[in-house]
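Undergrad: So the protein sequences, as listed, match chains A and B.
Under my numbering, the first residue of the first sequence carries the number 10, and numbering increases by one thereafter.
Under my numbering, the first residue of the second sequence carries the number 113, and numbering increases by one thereafter.
Simulated from the structure, these hints should not be mistaken for lab results.
Idealized CB from N, CA, C, for every residue including glycine.
Be aware that a few hints might be false.
[Stated by the list, open to error] Lysine to any residue pairs mimicking SDA-like chemistry, simulated, CA-CA at most 25 Å apart:
no. : chain 1 : residue 1 : chain 2 : residue 2
1   : A       : 190       : B       : 253
2   : B       : 331       : B       : 304
3   : A       : 190       : B       : 234
4   : B       : 342       : A       : 203
5   : B       : 331       : B       : 342
6   : B       : 172       : A       : 190
7   : A       : 190       : B       : 245
8   : B       : 331       : B       : 345
9   : B       : 331       : B       : 146
10  : A       : 190       : B       : 214
11  : B       : 331       : B       : 210
12  : A       : 190       : B       : 135
13  : B       : 342       : A       : 190
14  : B       : 172       : B       : 135
15  : A       : 190       : B       : 226
16  : B       : 172       : A       : 112
17  : B       : 172       : A       : 214
18  : A       : 190       : B       : 313
[Claimed, not checked] Some chain A residues close to chain B (C-beta under 7 Å, calculated; not the full set):
no. : residue
19  : 197
20  : 200
21  : 206
22  : 209
23  : 468
24  : 471
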Amino acid sequence: MAGATAPAAFPYPSGDQRLSSWLDYTINGLIVGNVYALVAVGLALIFGVSRLINFAQGSIYLVGAYIGWVAVVQLHTPLPLTIIVVAAAAALVGLIIERFGLRPLQNSVRIAPLLATIGISFVLDQLVMLTFSPNPRALPSQLPDVRFQLGGGTIGPLDLLIAGVGITSALLLFVFLRYSKLGWAVRAASQDRDAAMQMGVDVNRVNQAVFGIAAALGGVSGMLVGMYYNQIDTAMSLQATLKGVVAEVVGGAGNVPGAVIGSLLLGLVESYGVAVFGTSYRNLFAFLLLVVVLVLRPNGLFASARQAPPEPLTGTFIAPSRPVRIPRWALAVAAAGFAVLPFFPVSFYVLQTLINAWLLGMLALSLTLVAGTVGQVSLGHAALLAIGAYTSALLSLTLAVPVGLAVIGGGLMSAALGTLLISPSFRLRGHYVSIATLAIGEIVSLVILNWESVTRGPIGISGIPPLSLFGHDLISPSSVYWFSLAVMVVLALLQGRLLTSHLGRSFRAIRDDDIAARAYGLSLNRYKSLAFIFGGFAAGVSGGIAAHLYSYINHETFNTQQSILALTVVILGGLGNVVGAILGSVALVGLPEVFRIAAEYRILIYGIVLLLLVRFRPQGLLGTI
Amino acid sequence: MTTSTPEPLLALSNVNTFYGQAQVHFDLSITVARGYIVCLLGGNASGKSTTMKIILGLVKPRSGEVTFDGASLIGLSTPQIVRRGIASVPEARRLFADMSVRENILMGAFVRNDRDAVAQDLDRMLTLFPKLGQRLSQRAGSLSGGEQQMVAMARALMSRPRMIVMDEPTMGLSPLYVDRVLELIRAINQEGVSVFMVEQNASLALEIAHEAYVLQTGKIVLSGPARALKDDPRVRDAYLGGSEAA
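Kindly produce the complete structure, drawing on both the sequences and the hints.
TA: So, in C-alpha cells, the structure goes:
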C-alpha cells in the first residue's frame, strides 16, 4: 500500500537530526497535503453535485500513475506534455465512468451509485494489475535530483512542482466555478439540483464536467505521487481513495475549499505523527482524525450551523422487493445434501472450496444482518474477522485455551470489542456509516500492525494450532467441513429466528425510518449495538476458525477487499436475506472454481458481478427482506 | 372554454399520473390561454404540485398529452422545456442559498446567450424589485422569506419566459408581502407573460386570476372564470377538501 510501504523511501532525516527538522516535516506535510487535495477536491465536487462518495477516485489516481509511467518510460514525453497526457487520459476515464457506470443509475436506489463506484474501482484496479503486473514499477521524476536549503529544512524541485500544480489547479478551479457558465451550473446544481434544472441547467452535462475535472486532478495527483516516491503499484488505489475521503469529510463533504484545507491539515497531522511515532503510524492518524471529525462534527470542520445534517438515507438504502419464498423442506433437503456430501467420493478440492464458502457465509450472515436488516452498510467488516482470528489464535497459543473454546472466545471478543469500536458510527447515517466503518476497519488493521507486544506486529502469528473439539483434532477435510457447516447452519437458524421476532421488526423499523422508530420509543443505540453484537459474534467465529485453518495470520490477512467481497455476497443474495447470504457465498466462492477462472481474474469478476447486480437486480437473487 | 377566450398556450389533456401504485391525476385537463393568469386551487394532497412537476417535466405522466404553443412537451427534459419559454417559481422559492442574490437572478438567464441584454434585464429587475438593489452581493439564503420570493420571481423573469408557473407563491409570507406578490404577478402578466399558479389560498388567488380550476384528489371538480368561481359556495368546500362527494 502506498501509504504503508512508500514512506520507507522517504527523505526523512533520522536520529539526532530529528529535532532540528520540524520544518522538513512541515514542508513534507504540506506537499503530501497538496497531493491529497487534488484527490479530495474532485471528491468534493462530485459529492456536491451528486451526493455521492466516489470510491473509484483512487482507481483513477492509479490509472493516472500508470499512464504517467507509459508516457515517461515508454514514450519519453517531456514533463509538461506528460502532465497534459495524464490529465486528458484520466478525464476520459472519468467521463466513461459517469456515462456508462453512473448515469444509468440515476433513478435507482440511493445506495446503487455508491456500490457501482466500488465495483468500478475493483474493475479498474484489476485491469491495471492485469495489464502492468502487480509488481511495483519505478516512475522517474524527470526533474533534477537536487535539494535547496530553505531555513532549517530542504526543498526539492519535485516539491515545488507538486505545490505549483496544487496551487494552479486550485486557482483554475476557482476561476471556473466563479466566472464560467458551466461553473455556475455546477455550483447551482450542487446547492439545489431540481431548481438548477428549472433554470435550464442540464444536470447530465454538469455531472460530466465534474467527473472529467475530478478525474483529471486525480490522475495528475497519482502521477505526481508516483514520481515523489519513485514507485507505483496497484495498491495505491484504495489508499488514495481513503485519504481523499478523509480529507474531504474533514473539510465538510461537498465543500471544495474545505477539501483543500482538510487535505493540508491531514498532510500535516500525518507528517508530525510520523515524526513523533514513526512511519507505520501514518495511516492511523489519518483514520483517527476522520473518526473524531465524524463523531464531533459530522458536517466537517468548516460547516456552519445552518447546514442540514447528512441526509437520512437509511430506508432508501434498500431496494424494495418481494423476497423469494423457499419452503422449509427444500432448505432442509439442501442442508442434508451438503451434510452427506463428504460420504461421496468428492475431491479434497471441492471440500476446501465449500469450507471457504461456509466461512464467507458466516461473515455474510453478519453483514446481511447489519447492512440489510438494520441498514448500516458496513465497509469494515473484515475487522470483525481479524479481531476474532487474533483473539482465538492468541488464546490457544499463549494461554493454551482449547481451540473450540478459543474460537467461541474470538466470537465473543469480536462481538464486544467490535461493537465498542463501531459504536462511534451509531450516531451517523447513510454514506457516513460506510465511511466510518471503513475507517474503523483500517484502524483495527493498523493497531494490529503497531501493537507488537500483543499481536507480534508485522511478523504476524504463526504456528496456530489446528481446530479441535473436545480434545480431538479436526485435521481431515471432511471433519473441518462438517464443523464449519454446522456452525454456519446454527448461526443461520438463530438469525432466522431473530428476524421473525419482535427484535427483528425493530431492526427493520430503524432501517426504514430511524426518526419514526425513535419517535416510537426505540433506542437506536441499543438496537444497533444488539445487531453488531450478534453480527460481531458470527464474524468473529468465522475469523477464529479461519485462523486455525490457515495456521498463520497477519494484519493483512483480513483486509478491505474481504469487506467488500462480503458486501457483494450480501447484495447478490439479497440484503437482509439469511438464505441469500449463504447462497451468495456459495455462488461467489464456488462459481469461479467451477469455471476454473484464474485467481487474478477473480476480483475482476467480483467487480463486474457487483456492477451488473446494481444495474439490473439490486434486490439480489432471493430479494431483500 | 367559451369561444371568446384566446388560443391556449399550455394545454394538459387527459393526463394520468401515478406514484408507484397510487394514482395522482385522473384524466386531468387544464388549459392556460395566452396572456391569462390561471390558477389551480386545491387542498393538501390534491395533486397540485404534481401538476407543476408534470408541466416542468420533473414527473412523467403515464398517459395524456401536454402541449406548449402547440408542440408536445412529453418526453422533453426539464432544461429543454425551460428553453421553450416556461420559467418556474418553485415551491418554497428554492433559491441557491450559498450564491449571491445577483448570481441567483443571473442564474435565471442561464438559457440565454445575449450578455448585454441580460445585463439590461438585471437593471430592469432592480426597478421592478427595488429592495433587491441593496442586497445584490448578499447570500441569498440570508434574506427574509418575502425578499427570497422577490428574488425567485426576478430569477424566473430573467429567462424572458412566455409563461411562468408558480407553486404557492404566497406561502409563508407576511400579509404585507402577500399583497406585494399578488401585485407583482399582475404586473408581470400585464407585460404579456402568461401565469399558471398553484395556490391553497383561494380567495387571494381568485382576485388576480382570469380563470381557475379546482382540483380534488386528482380530479378537476370545478372550473371557469375566476369571477364566477369566487362566488361559488362549492369552491370553499372543494379546496378545503370538504366532505361532499366529488
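Undergrad: Look at each hint and say if it fits the structure.
TA: A quick look at each hint next to the structure:
Restraint check for residue 190 (chain A) and residue 253 (chain B): satisfied, since their Cα atoms lie roughly 21 Å apart, inside the 25 Å limit. The straight-line distance between the Cα atoms of residue 331 (chain B) and residue 304 (chain B) is roughly 30 Å, outside the 25 Å bound, and the hint therefore fails. With a C-alpha separation of about 17 Å, the suggested pairing of residue 190 (chain A) with residue 234 (chain B) holds against the 25 Å cut-off. Among the hinted pairs, residue 342 (chain B) with residue 203 (chain A) is inconsistent with the structure: their alpha-carbon atoms are about 34 Å apart, more than 25 Å.
Restraint check for residue 331 (chain B) and residue 342 (chain B): the C-alpha separation of about 19 Å stays at or below 25 Å, so the hint holds. Proximity of residue 172 (chain B) to residue 190 (chain A) is assessed by CA-CA distance (about 28 Å); at most 25 Å being required, the pair is judged violated. Between residue 190 (chain A) and residue 245 (chain B), the direct Cα distance comes to roughly 23 Å. Compliance with the 25 Å bound is thereby established for this hinted pair. With a C-alpha separation of about 18 Å, the suggested pair residue 331 (chain B) and residue 345 (chain B) falls inside the 25 Å cut-off, and the hint holds.
Straight-line distance between C-alpha atoms of residue 331 (chain B) and residue 146 (chain B) comes to about 24 Å, which keeps the hinted pair within the 25 Å bound. Between residue 190 (chain A) and residue 214 (chain B), the direct Cα distance comes to roughly 14 Å. Compliance with the 25 Å bound is thereby established for this hinted pair. In summary, the hint linking residue 331 (chain B) to residue 210 (chain B) is not supported, as the alpha carbons are separated by about 39 Å, beyond the 25 Å threshold. Annotation: proposed proximity of residue 190 (chain A) to residue 135 (chain B) is violated, straight-line Cα distance about 39 Å (limit 25 Å).
For the given pair, residue 342 (chain B) sits about 45 Å from residue 190 (chain A) by alpha-carbon distance, which is inconsistent with the 25 Å threshold. Using a Cα cut-off of 25 Å, the hinted pair residue 172 (chain B) and residue 135 (chain B) holds, with the two alpha carbons roughly 13 Å apart. Of the pairs offered as hints, the one joining residue 190 (chain A) and residue 226 (chain B) holds, with about 13 Å between alpha carbons and a cut-off of 25 Å not exceeded. Restraint check: the Cα-Cα separation between residue 172 (chain B) and residue 112 (chain A) comes to about 18 Å, which is no more than 25 Å; the hinted pair holds.
Between residue 172 (chain B) and residue 214 (chain A), the direct Cα distance comes to roughly 21 Å. Compliance with the 25 Å bound is thereby established for this hinted pair. Under the criterion of a C-alpha separation no larger than 25 Å, the hint pairing residue 190 (chain A) with residue 313 (chain B) is inconsistent with the structure, at around 38 Å. With a cut of 7 Å, the hint placing residue 197 (chain A) at the interface with chain B holds, because the nearest CB-to-CB distance is about 5 Å. The interface hint given for residue 200 (chain A) is met, as the beta carbon of that residue sits about 4 Å from the closest beta carbon of chain B, less than 7 Å.
The restraint placing residue 206 (chain A) at the interface with chain B holds, with a minimum CB-CB distance near 4 Å, inside the 7 Å limit. Because the smallest distance between the Cβ of residue 209 (chain A) and any Cβ of chain B comes to about 4 Å, under 7 Å, the interface hint for this residue holds. Because the closest C-beta pair between residue 468 (chain A) and chain B is about 52 Å apart, greater than 7 Å, the hint is violated. About 56 Å separates the beta-carbon of residue 471 (chain A) from the nearest beta-carbon of chain B, more than 7 Å, and the hint is not met.
When the structure is compared with the earlier hints, violations turn up for hints 2, 4, 6, 11, 12, 13, 18, 23 and 24 and for no others.
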